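Given chain A's structure and the hints, the job is docking chain B onto it.
In case you want the letters, here they are:
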Amino acid sequence: MIPEIGHFALILALCVATIQGTLPLLGAASGNASLMAVAKPAARGQFLLVLIAFCCLGAAFAVNDFSVLYVAANANSKLPLHYRLAAIWGAHEGSLLLWTFILCLWMVAVTLFSRHLPEAMRARILGVMGLVSFGFLLFMLTVSNPFLRLIPAAPDGRDLNPLLQDPGMVIHPPMLYMGYVGFSVAFAFAIAALLGGNLDAAWARWSRPWTTVAWCFLTVGIAMGSGWAYYELGWGGWWFWDPVENASFMPWLAGTALIHSLAVTDKRGGFKVWTVLLAILAFSLSLLGTFLVRSGVLTSVHAFATDPKRGLFILAFLAVVIGGSLLLYAWRAPRVGLGGGFDPVSRESMLLANNVLLVVAMGSVLLGTLYPLFLDALGLGKISVGPPYFDTVFVPLMTPAIFLMGLGPIAQWKKADLPALAVRLRWAFGVSFGTAVLLPFVLGKWTPLLSLGLLLALWVVTTAVVNVRERVTHLTGDSLMTKLAAVPRAYWGMQLAHCGIAVLIVGVTMVKGFEVEQDVRMNIGDTTTIGGYTFKFDSIQDLMGPNYTAARGTFHVTKNGGDVTTLYPEKRFYMVQNQTMTEAAIDSGLVRDLYVSLGEPLQGGAWSVRLYHKPFIDWIWGGCLIMAIGGVLAISDRRYRLGWRREQAAAA
Amino acid sequence: MKRVRVLLFMCAVIAPTGVWADEAKPLGENPQVEARLKTLAVELRCLVCQNQTLADSSAPLAEDLRREVREMIAKNMTDQEIIEFLVARYGDFVLYRPPWRLTTTLLWLGPFLLLLVGGTVLVVTLRRRQKTLPETVLSEEEHRRAERLLSKGNT
Chain A
47 MIPEIGHFAL
57 ILALCVATIQ
67 GTLPLLGAAS
77 GNASLMAVAK
87 PAARGQFLLV
97 LIAFCCLGAA
107 FAVNDFSVLY
117 VAANANSKLP
127 LHYRLAAIWG
137 AHEGSLLLWT
147 FILCLWMVAV
157 TLFSRHLPEA
167 MRARILGVMG
177 LVSFGFLLFM
187 LTVSNPFLRL
197 IPAAPDGRDL
207 NPLLQDPGMV
217 IHPPMLYMGY
227 VGFSVAFAFA
237 IAALLGGNLD
247 AAWARWSRPW
257 TTVAWCFLTV
267 GIAMGSGWAY
277 YELGWGGWWF
287 WDPVENASFM
297 PWLAGTALIH
307 SLAVTDKRGG
317 FKVWTVLLAI
327 LAFSLSLLGT
337 FLVRSGVLTS
347 VHAFATDPKR
357 GLFILAFLAV
367 VIGGSLLLYA
377 WRAPRVGLGG
387 GFDPVSRESM
397 LLANNVLLVV
407 AMGSVLLGTL
417 YPLFLDALGL
427 GKISVGPPYF
437 DTVFVPLMTP
447 AIFLMGLGPI
457 AQWKKADLPA
467 LAVRLRWAFG
477 VSFGTAVLLP
487 FVLGKWTPLL
497 SLGLLLALWV
507 VTTAVVNVRE
517 RVTHLTGDSL
527 MTKLAAVPRA
537 YWGMQLAHCG
547 IAVLIVGVTM
557 VKGFEVEQDV
567 RMNIGDTTTI
577 GGYTFKFDSI
587 QDLMGPNYTA
597 ARGTFHVTKN
607 GGDVTTLYPE
617 KRFYMVQNQT
627 MTEAAIDSGL
637 VRDLYVSLGE
647 PLQGGAWSVR
657 LYHKPFIDWI
667 WGGCLIMAIG
677 GVLAISDRRY
687 RLGWRREQAA
697 AA
Chain B
3 MKRVRVLLFM
13 CAVIAPTGVW
23 ADEAKPLGEN
33 PQVEARLKTL
43 AVELRCLVCQ
53 NQTLADSSAP
63 LAEDLRREVR
73 EMIAKNMTDQ
83 EIIEFLVARY
93 GDFVLYRPPW
103 RLTTTLLWLG
113 PFLLLLVGGT
123 VLVVTLRRRQ
133 KTLPETVLSE
143 EEHRRAERLL
153 SKGNT
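The listed protein sequences correspond, in order, to chains A and B.
Anchor point for the first sequence: position 62 equals 108 in the working numbering, and the numbering is continuous, going up by one each time.
Anchor point for the second sequence: position 25 equals 27 in the working numbering, and the numbering is continuous, going up by one each time.
For reference, chain B alone in the conformation it holds in the complex:
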């Protein structure tokens, strides 16, 4: 009997600890639901945090909202339906990707307008530069100063 005990003890010591411990359970039961929740939640705002996604937040309200979204996913609602439901309840504020509306047109078009303006200015500048290739960039005095500086630099 004593031998058996020793053997058991030896096993406990030698065996890797992982064998004895339980594998931790994920917080959500269904991995597919969790994956969808994750893709939805990274684009949703936690409404009580300063600036955090629903996925990252650990606030109790975020926890509740995640549970609600889980339930909606379980009810086979599409992503679109879930987002519509949340917007109806909380407004556009809940979306980190602002929806396309009249008021957000400038927001979404802005970068492209900027690029257009920047590109136009660039092309015009390049054209103008090419026409007026003034060769005498440095004045005589500047040339002499440059020479002086260079010769000093070599010593």
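Isolated chain A, as found in the complex:
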């Protein structure tokens, strides 16, 4: 009964989405206020319906209803409840439901925080989001229904892929989807503006906080995915340029370009056409990413669901959304004005150059991700495009981008003076260059990449310091504190996010330069020393988990005779899926991680053991977190809070 309620709710949601995607748009085109007024209740109604469907699927998982095909395929009666609930998005059908649910969440957010928008604009935004939602609901109901029955019911489920039985599964996909789907708001704003023909600075101002929030979610989501891969896959990697990782990274690159382009549109009125294109691009890549991962086109570490039958619908949907919006763009964009002029050397030009680099980087990732698929599809042979390719392409593109990242915020709008810039930044450059050349020697190893990484990180930080110092000294105020308080939060947010990049670069550089890996054969009582830490293999014992059996090792770690920690890596065997999993044990620290993973049992009671000493690896995720905090700080800026307060006052 419950699955049927869910199914029915989805059908109703499709009907509501049809109304939401048509009437408000017609109303906005003809100036009919009553048609436009349909948008808000339709969006909220649709949210309720999809919420019901979502809860119904959750309930089916909670009560182990193995007469539902999707539940039987992705859960098991022995699977703990929190993983059964996370199994909602464990495969294709449920992921799409999560996607649609989050889209509805964003729609409701738009209805709540859009009182200051003109009626026609809001109607168009919600109308466009309704159309996107229509596509997803139709897809689910025709070829990807999570509520299909399995008759006769299975006695027990096939269980969730053991790789996914991890706390990361509970939180990573919702976070990532919040980011992906969040770009639909920026997309809807852009399409609405194209339809209405009013691409002005106000449009950019409205769309900015939405884009930033989505970007923050995506940043955290990607970082969590990377951290999850790091401890779950057992080989200590944190980024593999896997197609699935790339699928989330491409919208991030486009989204990053979009935030910066929006800033220019907001502040200077420029780049409008470009900003609109980026908004379309960011969302298109989110769609592409969702489908790449969930359609089974890719076979990779993360591609758990495989069903190529749905490919046709997906291709058609992508063609309609992307092709349609690009057509609209080609038709409408030429009418949009150019905005303020600027000199070839100015903050605008640097931001534009950086945008170009980000988009080229994004294009290269796209090329590398899709190329093997195309070759394979055309029967031209199978190739692998992996980290060596992406590293080769990415580093030369990001180096100038990060150099400009330090320069841009210091340069004046409209026209900057290069010699003066050089004078202002001579210390920043001197200090970062000198340190970057010398520091690796102090650390005991010099390579060009090590030096380059440190140079870029230091450059970002030192230019930020120069920038803050200049900004504060130019302010009038009695004390330093009042001066600092006068600086808007958006500015601090930007500087913080940029410093987050620096932290990330330090992490990547240090771990690539100095990590130590050791594959050893260890008997009980044996020791190994890496990076100054001595690992002693104390014991191994068998344990029973809820749906697995495990061998758990105990490793005692000491440094110079002093205790550091005890680590318990596991080798698990999941009975239902008949799969062996490595659960690495990690001791995290500010300047290093210690990582132990159990390999295979060898003859004579010994085990093959993999040990890593990874300096500064947590800086990689720390940097992402700092970036996201920077984003949050930026949207908590006074101008947005004032707008929000005015809305509250208007509503009261």
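None of these hints come from the bench; they were simulated from the model.
Misleading hints may appear alongside valid ones.
In silico SDA-like cross-links for lysine to any residue, where the CA-CA straight-line distance does not exceed 20 Å [to be verified]:
| hint | chain 1 | residue 1 | chain 2 | residue 2 |
| --- | --- | --- | --- | --- |
| 1 | A | LYS558 | B | GLY112 |
| 2 | A | LYS124 | A | ALA105 |
| 3 | A | LYS558 | B | ARG38 |
| 4 | A | LYS428 | B | ALA37 |
| 5 | B | LYS40 | A | SER654 |
| 6 | A | LYS558 | B | GLU45 |
| 7 | B | LYS27 | A | SER585 |
| 8 | B | LYS77 | B | ALA37 |
For clarity, every value in this text was computed on a predicted model and none was experimentally measured.
Just chain B, lined up with the frame of chain A:
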């Protein structure tokens, strides 16, 4: 005799455990061979895994292949020869760095073409912008609205 036993016991307790335990042996015997294996294996694909390098994989087939590569290194084959041998057996699929062929030309040139196009568009845009520096960006109405917003913001 008893004293000696006590002494021995004391030693066992007091002495750092490391002294008594054996130093674990690396899986590969020759560190130089291992180092070369590592540099080769990070660019090779484990053929039975979804997407993992030969260095990272713990699949039995990867284990076998690593052993074969070790043997080839021991036979003094160059990296080039080893890679040629693997490609002959498994095809280009085994290489994470796609080799330069007719079919991969676009893959390798693509990013540079993109950069070229992006750079050209950038230069053209900047030139055009410089020529047409329209100063009146905001309309009168927009100016007034901005004023209004600003004055509200200051209260």
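We went through each hint and held it up to the structure:
1. A/LYS558 - B/GLY112: 27 Å, violated
2. A/LYS124 - A/ALA105: The given pair, whose Cα atoms are some 16 Å apart, holds under the 20 Å limit.
3. A/LYS558 - B/ARG38: Within the cut-off at roughly 17 Å; holds.
4. A/LYS428 - B/ALA37: At roughly 29 Å apart (the allowed maximum being 20 Å), B/ALA37 and A/LYS428 break the hint.
5. B/LYS40 - A/SER654: 17 Å, holds
6. A/LYS558 - B/GLU45: Satisfied, since the Cα-Cα distance of roughly 15 Å is no more than 20 Å.
7. B/LYS27 - A/SER585: Judged against 20 Å, a Cα distance of about 17 Å means the pair holds.
8. B/LYS77 - B/ALA37: The given pair, whose Cα atoms are some 15 Å apart, holds under the 20 Å limit.
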